[in-house]
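**Q** Based on the provided sequences and hints, a complete structural model is requested.
Protein chains: 4
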Amino acid sequence: MLTAQVGIEVPFQDVDLMQVVWHGNYFRYFETARAALLRKINYDYPEMQASGYLWPIVELKARFVQPMRYAQHIRVHADLLEWENRLKIAYRVADTVSDKRLSSGYTIQCAVDVRSGELQLVSPPVLRARLKDYL
Amino acid sequence: MLTAQVGIEVPFQDVDLMQVVWHGNYFRYFETARAALLRKINYDYPEMQASGYLWPIVELKARFVQPMRYAQHIRVHADLLEWENRLKIAYRVADTVSDKRLSSGYTIQCAVDVRSGELQLVSPPVLRARLKDYL
Amino acid sequence: MLTAQVGIEVPFQDVDLMQVVWHGNYFRYFETARAALLRKINYDYPEMQASGYLWPIVELKARFVQPMRYAQHIRVHADLLEWENRLKIAYRVADTVSDKRLSSGYTIQCAVDVRSGELQLVSPPVLRARLKDYL
Amino acid sequence: MLTAQVGIEVPFQDVDLMQVVWHGNYFRYFETARAALLRKINYDYPEMQASGYLWPIVELKARFVQPMRYAQHIRVHADLLEWENRLKIAYRVADTVSDKRLSSGYTIQCAVDVRSGELQLVSPPVLRARLKDYL
Numbered sequence: 008m009l010t011a012q013v014g015i016e017v018p019f020q021d022v023d024l025m026q027v028v029w030h031g032n033y034f035r036y037f038e039t040a041r042a043a044l045l046r047k048i049n050y051d052y053p054e055m056q057a058s059g060y061l062w063p064i065v066e067l068k069a070r071f072v073q074p075m076r077y078a079q080h081i082r083v084h085a086d087l088l089e090w091e092n093r094l095k096i097a098y099r100v101a102d103t104v105s106d107k108r109l110s111s112g113y114t115i116q117c118a119v120d121v122r123s124g125e126l127q128l129v130s131p132p133v134l135r136a137r138l139k140d141y142l
Numbered sequence: 008m009l010t011a012q013v014g015i016e017v018p019f020q021d022v023d024l025m026q027v028v029w030h031g032n033y034f035r036y037f038e039t040a041r042a043a044l045l046r047k048i049n050y051d052y053p054e055m056q057a058s059g060y061l062w063p064i065v066e067l068k069a070r071f072v073q074p075m076r077y078a079q080h081i082r083v084h085a086d087l088l089e090w091e092n093r094l095k096i097a098y099r100v101a102d103t104v105s106d107k108r109l110s111s112g113y114t115i116q117c118a119v120d121v122r123s124g125e126l127q128l129v130s131p132p133v134l135r136a137r138l139k140d141y142l
Numbered sequence: 008m009l010t011a012q013v014g015i016e017v018p019f020q021d022v023d024l025m026q027v028v029w030h031g032n033y034f035r036y037f038e039t040a041r042a043a044l045l046r047k048i049n050y051d052y053p054e055m056q057a058s059g060y061l062w063p064i065v066e067l068k069a070r071f072v073q074p075m076r077y078a079q080h081i082r083v084h085a086d087l088l089e090w091e092n093r094l095k096i097a098y099r100v101a102d103t104v105s106d107k108r109l110s111s112g113y114t115i116q117c118a119v120d121v122r123s124g125e126l127q128l129v130s131p132p133v134l135r136a137r138l139k140d141y142l
Numbered sequence: 008m009l010t011a012q013v014g015i016e017v018p019f020q021d022v023d024l025m026q027v028v029w030h031g032n033y034f035r036y037f038e039t040a041r042a043a044l045l046r047k048i049n050y051d052y053p054e055m056q057a058s059g060y061l062w063p064i065v066e067l068k069a070r071f072v073q074p075m076r077y078a079q080h081i082r083v084h085a086d087l088l089e090w091e092n093r094l095k096i097a098y099r100v101a102d103t104v105s106d107k108r109l110s111s112g113y114t115i116q117c118a119v120d121v122r123s124g125e126l127q128l129v130s131p132p133v134l135r136a137r138l139k140d141y142l
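Protein sequences appear in the order of chains A, B, C and D.
Count the first sequence with the numbering used here and you get residues 8 to 142, in order.
Count the second sequence with the numbering used here and you get residues 8 to 142, in order.
Count the third sequence with the numbering used here and you get residues 8 to 142, in order.
Count the fourth sequence with the numbering used here and you get residues 8 to 142, in order.
These are calculated hints, taken from the structure and not from any lab test.
A hint or two may mislead.
To be verified - Pair ranges (Cβ atoms, derived):
1) C:Ser111 x D:Arg135: 25 to 35 Å
2) C:Tyr141 x B:Arg76: 22 to 32 Å
3) C:Lys47 x A:Lys107: 25 to 35 Å
4) B:Arg76 x A:Asp106: 34 to 44 Å
5) B:Arg99 x C:Thr103: 37 to 47 Å
6) A:Ser105 x B:Val121: 17 to 27 Å
7) D:Met8 x C:Glu91: 39 to 49 Å
8) A:Val121 x B:Leu128: 40 to 50 Å
9) C:Ser111 x A:Glu125: 22 to 32 Å
10) D:Arg135 x B:Thr10: 36 to 46 Å
To be verified - Under the rule of at most 16 Å between Cα atoms (straight-line distance), these lysine to aspartate or glutamate pairs were calculated in the EDC-like manner:
11) C:Lys68 x D:Glu66
12) B:Lys68 x A:Glu66
13) D:Lys68 x C:Glu66
14) A:Lys68 x B:Glu66
It should be emphasised that the depicted structure is a prediction, and the values quoted were computed from it without experimental measurement.
Ideal Cβ positions, reconstructed from N, Cα and C, are used throughout, including at glycine.
**A** In structure tokens, the structure reads:
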């Protein structure tokens, strides 16, 4: 339904002393792919704030199948899985050259009303409107 | 069976433009707690490497219940859940003052033989020996 | 005149594939020491914002004499050097055990009026008042 | 003589709670530009290690003229300034759209013999050879 992909080259400082990308840094790459996806519906962070909602990540999971190394070229795919009550986005990371699957994961975000601070149990109309505009 | 806890103060640079800790930075705190736990059995990263095995993280999950803010004092508990075939460690983050639960998660690590690069389907004897020594 | 020191243990994820702390991560340690210093005069970031001024860093320099490694215990000293027109703080990093000098540096911050966005060529009265209260 | 430039979009997690890029993260962008420059002479980190030398950063300086914000497009120029005894590289960061200067800085690296651990007071022949090949 809604998907995006970005190309990334693993930077020096993301690699740890075991010569592989430190697991916490994968979320930098997921972040880039998520921004690309949300921009497709004109609802990246600045637009979220302008709409009166923040969308903090409330859950995430990742599986690391193959390590990633310095200067490796990777492709991160982001796919929108759920949007009715929360925003669930899945990620797949593959080596750009070999197309081998390297890792996968997901993030779940919930809308929070900026003024009241209240968690929304249903996605606010603005998200549906943006999705509808895109589709 | 094996547990550890560390106190951390949220540093300035871990907080994002929404005024809360960026989700990828939680793994910094989990890392500190995991190191404290593994040191109890004398099997932190340097000892892992010396033993001929690396233990890359192959899976992780986290749930973020309450946001964390700049200079907040938190306590991270790490608990060893599995060790026979892989190392599964659970984490709980609580506010130091209110004791309120802020987040939780787990990481799973598998042993990889440094020389052959082969993934071990059963934890190598060295881990069992270290655990036995401690218990 | 105004000085602070903090003890830090080098965390796993700050170390790069050359087995030493990546240079950009030193500013994490400087940040912790600077916060300790500014708290002594009750003028850390939250108090800065509340006072109507931000103090972005406009210049920094660092010299790296000896590399730092995983789990090394270090002590970071921060010293206030200038405050009349800008905030200049010097840092020295030493090994906790050997007391050997590892690195040094400084940061310069200037006050910016939150409302007008204007850079202040003279430190605002609030900084002088906080310093006077402390001394 | 030797110069490189890279285009970067400021990622979400590099921005701090004051809505601007945290100063320590600028070195991520310098790193990317430095890698682009060193690759032109086929002497990036893997080739350095293969040549028997590491090149740790021994000094750096940066000036921050204008803050950078989330999703801002920037261009980082790297210029080789010195190479005979050490590697000194200068950086300029400009806004891609307005071409306005945002920040500048430099890094100095010295060669260290991997086997002996000795600091080289003169750049090893391999660097001169790579530069000569390029020029």
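**Q** Each hint: holds or not?
**A** Going down the list of hints, with the structure as the test:
1. C:Ser111 x D:Arg135: 25 to 35 Å: Given a distance of about 31 Å, which is inside 25 to 35 Å, the answer is holds.
2. C:Tyr141 x B:Arg76: 22 to 32 Å: holds (25 Å)
3. C:Lys47 x A:Lys107: 25 to 35 Å: violated (53 Å)
4. B:Arg76 x A:Asp106: 34 to 44 Å: Between Arg76 of chain B and Asp106 of chain A, where Cβ atoms are some 42 Å apart, the hint holds.
5. B:Arg99 x C:Thr103: 37 to 47 Å: violated (30 Å)
6. A:Ser105 x B:Val121: 17 to 27 Å: holds (24 Å)
7. D:Met8 x C:Glu91: 39 to 49 Å: Holds: the Cβ-Cβ distance is about 42 Å, inside 39 to 49 Å.
8. A:Val121 x B:Leu128: 40 to 50 Å: This hint holds: roughly 49 Å between Cβ atoms.
9. C:Ser111 x A:Glu125: 22 to 32 Å: violated (49 Å)
10. D:Arg135 x B:Thr10: 36 to 46 Å: violated (56 Å)
11. C:Lys68 x D:Glu66: holds (8 Å)
12. B:Lys68 x A:Glu66: Status holds; Cα separation ~8 Å.
13. D:Lys68 x C:Glu66: Holds: Lys68 of chain D and Glu66 of chain C sit about 8 Å apart, inside 16 Å.
14. A:Lys68 x B:Glu66: holds (8 Å)
Violated hints, listed in ascending order, are 3, 5, 9, 10; each of the other numbered hints is respected by the structure.
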